[in-house]
Amino acid sequence: MTDRLRAISGQIIAVGVALLMGAIIILLVGESPVHVLMTLLRGAFGDQEKIAGTLLQTTPILICGVAACIGLRGGMFNVGIEGQLFLGGFAAAWVGFSFSLPAGIHTLAALALAVVAGAAWVAIPAYFRARYNTNEVVSTILSNYIAVLLTSYFTIFLFKRPGGWSETPPILATAYLPEIFSFSRLNWGLFIGLVLAVGAALIFRYTSWGYGVTMVGSAPKFAEYGGVNVKRQGFVVLLLSGAVGGLAGGVETLGVHHRFMEGFAPGFGFDGLIAALLANGSPVATIVTALFFGALRSGSLLLEVDTTASREIITVIQALIILSVSAQVLIKRRGDSQAGERRWKF
Amino acid sequence: MEILDKLINVALIAATLRTTAPILLVALGGSFTTKAGIFNIGLEGQMLARAFFAVIGSIWTGSAFAGVACGVAAALAFALAFAVLVVTFRANEVVVGLALNILAGGMTISLMKAIFGTRGSIVGHGIVGLPKVQIPGAQALLGSWAPLISGFTPIVYVAFLAVPLLVLFYNRTRLGLYIRVVGEKPEAAEALGISITRVRYIASLLCGLLAGLAGAHLSLGYITMFTENMSSGRGFMAVAILIFSNGDPLKVLAGCLLFGFADAFSLRLQTFGFPSYLVLTVPYVVALTALFALSYRARPKIIKETLASMQKLLSADRNSAQVDKNPQ
Numbered sequence: 001m002t003d004r005l006r007a008i009s010g011q012i013i014a015v016g017v018a019l020l021m022g023a024i025i026i027l028l029v030g031e032s033p034v035h036v037l038m039t040l041l042r043g044a045f046g047d048q049e050k051i052a053g054t055l056l057q058t059t060p061i062l063i064c065g066v067a068a069c070i071g072l073r074g075g076m077f078n079v080g081i082e083g084q085l086f087l088g089g090f091a092a093a094w095v096g097f098s099f100s101l102p103a104g105i106h107t108l109a110a111l112a113l114a115v116v117a118g119a120a121w122v123a124i125p126a127y128f129r130a131r132y133n134t135n136e137v138v139s140t141i142l143s144n145y146i147a148v149l150l151t152s153y154f155t156i157f158l159f160k161r162p163g164g165w166s167e168t169p170p171i172l173a174t175a176y177l178p179e180i181f182s183f184s185r186l187n188w189g190l191f192i193g194l195v196l197a198v199g200a201a202l203i204f205r206y207t208s209w210g211y212g213v214t215m216v217g218s219a220p221k222f223a224e225y226g227g228v229n230v231k232r233q234g235f236v237v238l239l240l241s242g243a244v245g246g247l248a249g250g251v252e253t254l255g256v257h258h259r260f261m262e263g264f265a266p267g268f269g270f271d272g273l274i275a276a277l278l279a280n281g282s283p284v285a286t287i288v289t290a291l292f293f294g295a296l297r298s299g300s301l302l303l304e305v306d307t308t309a310s311r312e313i314i315t316v317i318q319a320l321i322i323l324s325v326s327a328q329v330l331i332k333r334r335g336d337s338q339a340g341e342r343r344w345k346f
Numbered sequence: 001m002e003i004l005d006k007l008i009n010v011a012l013i014a015a016t017l018r019t020t021a022p023i024l025l026v027a028l029g030g031s032f033t034t035k036a037g038i039f040n041i042g043l044e045g046q047m048l049a050r051a052f053f054a055v056i057g058s059i060w061t062g063s064a065f066a067g068v069a070c071g072v073a074a075a076l077a078f079a080l081a082f083a084v085l086v087v088t089f090r091a092n093e094v095v096v097g098l099a100l101n102i103l104a105g106g107m108t109i110s111l112m113k114a115i116f117g118t119r120g121s122i123v124g125h126g127i128v129g130l131p132k133v134q135i136p137g138a139q140a141l142l143g144s145w146a147p148l149i150s151g152f153t154p155i156v157y158v159a160f161l162a163v164p165l166l167v168l169f170y171n172r173t174r175l176g177l178y179i180r181v182v183g184e185k186p187e188a189a190e191a192l193g194i195s196i197t198r199v200r201y202i203a204s205l206l207c208g209l210l211a212g213l214a215g216a217h218l219s220l221g222y223i224t225m226f227t228e229n230m231s232s233g234r235g236f237m238a239v240a241i242l243i244f245s246n247g248d249p250l251k252v253l254a255g256c257l258l259f260g261f262a263d264a265f266s267l268r269l270q271t272f273g274f275p276s277y278l279v280l281t282v283p284y285v286v287a288l289t290a291l292f293a294l295s296y297r298a299r300p301k302i303i304k305e306t307l308a309s310m311q312k313l314l315s316a317d318r319n320s321a322q323v324d325k326n327p328q
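For the record, the sequence lines run as chains A and B. Under this note's numbering, the first sequence has 260 at position 260, and the numbering climbs by one with no breaks. Under this note's numbering, the second sequence has 189 at position 189, and the numbering climbs by one with no breaks.
One or more hints might be untrue.
What the hints assert, rightly or not - Pairs of lysine-lysine, DSBU-like flavour, derived with a Cα cap of 30 Å:
(1) 185/B <-> 221/A
(2) 185/B <-> 132/B
(3) 185/B <-> 231/A
Hint data in this document are derived by calculation from the structure and do not stem from the laboratory. Since this is a predicted model, take the numbers as computed values, not measurements.
For reference, chain A alone in the conformation it holds in the complex (with noise of 0.2 Å):
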């Protein structure tokens, strides 16, 4: 216990550190770091509708945090859920606006394509990756880039809503995920993350699959003499993940924007990846991190408007926390520098 609180004391004093760096940049860009802060968080919690959307942008990361939490475990870098939330989101869209079924069921159809988008867009570099040992690094930023010009393809030249510019036709009500208030756009898409994230915790804390993947990501060469078959092993876990960014894109169309368009979400991937680095691969930490930085862009809104900053300043300050982060644990203990590496590799 003492060490999971010196863990998470570690993780806040970076997280300090790196908000004490971002309001020197602040000052350097010619604001008022207070007068930043309180916008943010002004814009994040200054009302029930604030709240409400902050909620709402913590959906997709808490979805893509959960995906990159799958393959930090297995010791898989999965920085491709950019591009699978984007054929998810499509996919969904596609299953939205041209199949008429019933309620309900044409939802979950919807998210199911999504899921299998996902994980077809990851099976290739996942193959790769398994079989003979290709980066899965490069191959899945790399397949990002063609994932999104893909999906612009598609809605462009394809399905562009007649009369609309870079966008599908809406998708039909039946698919739509139920919204939760009046007054938001925050649907079901918090519940499907929140039980995936405890969902994927209990899978890795209490079943035998999810120790083999714990395993193969701290201890490879301890696993395959337990018996783990470690390649398929990582082939899983990487579609696993490829299928948790893909659904990420379907919750964001069917619940958000009930339609696929052009830079529909933007950067939720990286951010996902960046909560799932912050809570150093478990799923229910997450859950904490995507908060938070689902307040740092739902208040980043009001900082464009109310101040003379970028909205971008919030990314600065997310790299930030990542580096300051990575560098804590040799702050504390430098002249160990195992405990350095074994840190971030799970």
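Dock chain B against the given chain A, drawing on the hints supplied.
Leaving out everything else, chain B in the frame of chain A:
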């Protein structure tokens, strides 16, 4: 045939050389870190930051070369941050690299808004581009083929000249040898008394130097402007090249020419009315295919090596068995 003539001609080859230069510089820079055993995924963001600061430097000083110097200075700062975190703090290089990429993206946009009050791109404002070098006598010597060697910005020449220089550097200099030893057998380097930390710092900074030029080429070379995320994955393609070339300068050159050609060719296809979204995927598809194909090709070697080592083990077993038998 006429279409083929229109698609493939001297202009296309010249365009290939132009598009190859930035990715070649980044990849050659990355070859230092690759050889020193560091996986540097942060090339993309470093290139972006450099392109931005090169533009800033060019506007402030009114000189393209001061702009390049400014970009290189920013590059070295990024490379130093990377080295401090990865080498001294031993943080995970993938995490640090990705975070630096995100930092570069956010920082350039934030600073652009703060300095110019705009979003999207910086055009005009008195950006001075790099001059083009006209080689005297090229026209007389090569006639219509002259664009192949003349009329590029100085950075293009630097990029291609760097290839043979790097070959010499790795094979003929002490530092080059040290970098290779540190990457391939750090234990041996340590036993020889080579400071792994110092060599990796030097490699990171050299990487920053070369890739800084690449960023400057993006924003001050053939178009004099800065756009959000204008490096558009070229840094990642360089990383892909580094993976399958193992940082060898000649193989890096071959890979970069392939991507440069894909890049130039896809721009050509666009003018022929192919949907731009599909055409733009071509360089990425080429990069991925090359990455997969070459890792597939590396497979027989792995199997052979495993077989060889198993045979060695077996024969060693037999020898030791014989040794066991002899005393009886």
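Structure-based check of all given hints:
Between residue 185/B and residue 221/A the alpha-carbon distance is near 21 Å, which keeps this suggested pair within the 30 Å criterion. For the hint linking residue 185/B to residue 132/B, the alpha-carbon distance of about 43 Å lies beyond 30 Å, and the restraint is violated. With a C-alpha separation of about 26 Å, the suggested pair residue 185/B and residue 231/A falls inside the 30 Å cut-off, and the hint holds.
Comparing the model with each numbered hint stated earlier shows that hint 2 is the single one that does not hold.
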